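Please work from the sequences and hints to get the whole structure.
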Amino acid sequence: MDKNRLFVAIQASLKAGAAIMEVYTDPNADFEVERKADNSPLTIADRKSHQIIVQELSALPYPVLSEEGKEIPVAERRGWNELWVVDPLDGTKEFIKRNGEFTVNIAFVKDGRPEAGVIYIPVREELYFADEVLGAYKLEHVARLNPEDTLESLIGRAQRLPYPDGRTYGTFVVVASRSHLNAETEHFIDEMKKKYAEVQTVSKGSSLKLCLIAEGKADVYPRFAPTMEWDTAAGHAIVRAAGGEVYQAETNLPLRYNKEDLLNPWFIAYPCIGR
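Sequential numbering from 4 applies to the sequence shown in the working numbering.
Because the hints were derived from the structure by calculation, they are not lab data. Treat the hints with caution; some may be incorrect.
Stated by the list, open to error - Straight line, CA to CA, 25 angstroms or less: simulated BS3-like cross-link-like pairs of lysine-lysine:
1. K196 <-> K207
2. K73 <-> K197
3. K96 <-> K113
4. K51 <-> K18
5. K207 <-> K18
6. K113 <-> K73
7. K197 <-> K207
8. K196 <-> K220
9. K207 <-> K96
10. K113 <-> K100
11. K96 <-> K51
12. K96 <-> K6
13. K100 <-> K207
14. K96 <-> K18
15. K220 <-> K73
16. K220 <-> K198
17. K6 <-> K113
18. K220 <-> K197
19. K73 <-> K51
20. K6 <-> K18
21. K262 <-> K113
22. K220 <-> K96
23. K262 <-> K197
Said to hold, decoys possible - With beta-carbon atoms standing in for the labels, derived distance ranges:
24. L256 <-> A78: 36 to 42 angstroms
25. A78 <-> K197: 24 to 30 angstroms
26. T28 <-> N255: 23 to 29 angstroms
27. L256 <-> I75: 21 to 27 angstroms
28. N31 <-> Y166: 38 to 44 angstroms
In this text, all values refer to a predicted model and were calculated from it rather than measured experimentally. Where is the CB? At the ideal position from N, CA and C, for every residue including glycine.
Dropping the structure here:
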């Protein structure tokens, strides 16, 4: 466990979130165009966030894998036993819709396993952070760090996850993608309805779905649509530190990272191992 490593990731996520909000709150930003040339506000927000994160993480001797660097040769990545996996702005559609459900995701991966993770929700000023030894936490009303802040002081102000009363008992809660609810997912939900008397579906964007699993507010998150490693690594680390796991749908083995193919297989996340 490296406490400084997690603290550096937290600092990076907050600074990146502030840069994203500068674009998000710009009244002249054109949010109707998802892909425009280099002057697209979404591209600008993503780039600003990425540059800040890379700069902050450069204080530590680990390479960074993100969508910006997806063309890095596999031969080079094979030597990366320890690395950062980063999504500087997760939730493209949510960003454009202005619904606030977009995040900054930073994970530390060792030997293919996410050991630590940070997810920051800039609009809500909510921070999730976790380490497999220290546990998982949620801190609200945080936009920046104070000079006197330490990891210990942040933990002291945060709520440990999962919440003891996070679930709505008597109701089986399925969390699903707000933008990618497909036929396979609907079939999974129908199967749950055969097993449980009352099933509730909660839709969220970006990595917020994994945050709900970590909080214990949902019983399962099935994802039967494409995701990349940087979409899930931070949330996976937080779920693991909260006592849950993210399993490959076909093999029932945990998701792995820094694979030759950076596309994730379909997966199912649970708040408690063996549930």
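Q: Verify the proposed pairing of K96 with K113, using a straight-line Cα cut of 25 angstroms.
A: 30 angstroms, violated
Q: Measure nothing beyond the straight line between the CA atoms of K220 and K197; if it is 25 angstroms or shorter, mark the hint as holding.
A: The given pair, whose Cα atoms are some 21 angstroms apart, holds under the 25 angstroms limit.
(Q) Hinted pair, alpha-carbon criterion (25 angstroms max): K100, K207. Please report holds or violated. (A) Since the Cα atoms of K100 and K207 sit roughly 13 angstroms apart, the hinted pair holds (cutoff 25 angstroms).
**Q.** Satisfaction of hint between K113 and K6, Cα-Cα up to 25 angstroms
**A.** 15 angstroms, holds
Q.
Hint check: K197 vs K207, CA-CA at most 25 angstroms. Holds or violated?
A. Roughly 23 angstroms separates the two Cα atoms, so the pair holds.
Q.
Please verify whether K113 and K100 have alpha carbons no more than 25 angstroms apart.
A. Between K113 and K100 the Cα gap is close to 35 angstroms, so the pair fails against 25 angstroms, i.e. violated.
Q.
Check the hint pairing K262 with K197 against an upper bound of 25 angstroms on the C-alpha distance.
A. 36 angstroms, violated
(Q) Just to be careful, I want the Cα atoms of K196 and K207 compared with a cutoff of 25 angstroms; is the pair within it? (A) 20 angstroms, holds
Q: For A78 and K197, compare the CB-CB distance with the range 24 to 30 angstroms and indicate the outcome.
A: 48 angstroms, violated
Q: Quickly compare the C-alpha distance for K113 and K73 to 25 angstroms and report which way the hint goes.
A: Given that 25 angstroms is the threshold and the Cα spacing comes to 18 angstroms, the pair holds.
Q.
With the threshold set at 25 angstroms, check whether the alpha-carbon distance from K196 to K220 stays at or below it.
A. 18 angstroms, holds
Q | 25 angstroms limit on alpha-carbon distance, applied to hinted pair K220 and K96 | A | Given pair K220, K96 holds - Cα atoms ~24 angstroms apart, limit 25 angstroms.
Hint compliance for this structure: hints 2, 3, 10, 12, 15, 23, 24, 25, 26 are not met, and every other hint is.
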